[in-house]
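Student: What follows is the residue order along each chain.
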Amino acid sequence: RKEVEQDPGPFNVPEGATVAFNCTYSNSASQSFFWYRQDCRKEPKLLMSVYSSGNEDGRFTAQLNRASQYISLLIRDSKLSDSATYLCVVTGGSNYKLTFGKGTLLTVNP
Amino acid sequence: NAGVTQTPKFRVLKTGQSMTLLCAQDMNHEYMYWYRQDPGMGLRLIHYSVGEGTTAKGEVPDGYNVSRLKKQNFLLGLESAAPSQTSVYFCASSYLRGGNEQFFGPGTRLTVL
Numbered sequence: 006r007k008e009v010e011q012d013p014g015p016f017n018v019p020e021g022a023t024v025a026f027n028c029t030y031s032n033s034a035s036q037s038f039f040w041y042r043q044d045c046r047k048e049p050k051l052l053m054s055v056y057s058s059g060n061e062d063g064r065f066t067a068q069l070n071r072a073s074q075y076i077s078l079l080i081r082d083s084k085l086s087d088s089a090t091y092l093c094v095v096t097g098g099s100n101y102k103l104t105f106g107k108g109t110l111l112t113v114n115p
Numbered sequence: 004n005a006g007v008t009q010t011p012k013f014r015v016l017k018t019g020q021s022m023t024l025l026c027a028q029d030m031n032h033e034y035m036y037w038y039r040q041d042p043g044m045g046l047r048l049i050h051y052s053v054g055e056g057t058t059a060k061g062e063v064p065d066g067y068n069v070s071r072l073k074k075q076n077f078l079l080g081l082e083s084a085a086p087s088q089t090s091v092y093f094c095a096s097s098y099l100r101g102g103n104e105q106f107f108g109p110g111t112r113l114t115v116l
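As they're listed, the protein sequences go chains U and V. All residue numbers for the first sequence refer to our numbering, where the first residue is 6 and numbers rise by one. All residue numbers for the second sequence refer to our numbering, where the first residue is 4 and numbers rise by one.
Since the hints were derived computationally from the structure, they do not count as laboratory data. Be aware that one or more of the hints could be misleading.
Said to hold, decoys possible - Here are some chain V residues the structure puts well away from chain U; computed CB gaps all over 12 angstroms:
#1 N31
#2 P42
#3 G43
#4 G45
#5 E55
#6 S87
Said to hold, decoys possible - When the alpha-carbon atoms are kept at most 25 angstroms apart in a straight line, the in silico PhoX-like pairs for lysine-lysine are as follows:
#7 U:K50 <-> V:K74
#8 U:K107 <-> U:K7
#9 U:K107 <-> U:K84
#10 U:K50 <-> U:K102
#11 U:K102 <-> V:K60
#12 V:K74 <-> U:K102
Glycine residues also receive a C-beta, built at the ideal position from the N, C-alpha and C atoms.
Please take these sequences and the hints and turn them into a complete structure.
Tutor: Written out as structure tokens, the structure is:
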């Protein structure tokens, strides 16, 4: 099983749609979880951390299920500017090292 | 506050040539990292450093060397470049206890012919 696996995508959705990304991780010792966003030909940037109780930031909601080793990201009311690659990221046994999923490409169409 | 900067932004090498990529951060971060990103492979950790004067191997260290002589700088060296090292290289840094957020530089696009 790969360390971090994401939906292969790509996702093409109209503006205003709700889209969900899923991610599974293999290391049960992982302590921290994140979603990063990467625009085309740019560097990754932190979108949001993922907490056990779930957390929301505007139109974005992240969920964590430690028992199933599953992370999700929900984007509501998609905007054109949400078009990017979304990377699921977890820490391994060492809390300062991150393991990245391969990413899921989202294109929001007008 | 420039954040994380990388030099150069683009480079073309011939097989066997050497080069050094420079990463600098002005956020006083303890941890620094070098990644490579290839299509279909995602970001893979090459080497990292948990403090000045320390380095450690990541997931794909072969063919690369690093040095962290100053806290703000992290150098990645290719002694004898190979076409398999054609990639986009990202440097990142993070706080010792900063919730693990890593701040990335803009990347270096390297092509080895």
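Student: Any hints from earlier that this structure breaks? Give me their numbers in increasing order, please.
Tutor: 2, 3 and 4
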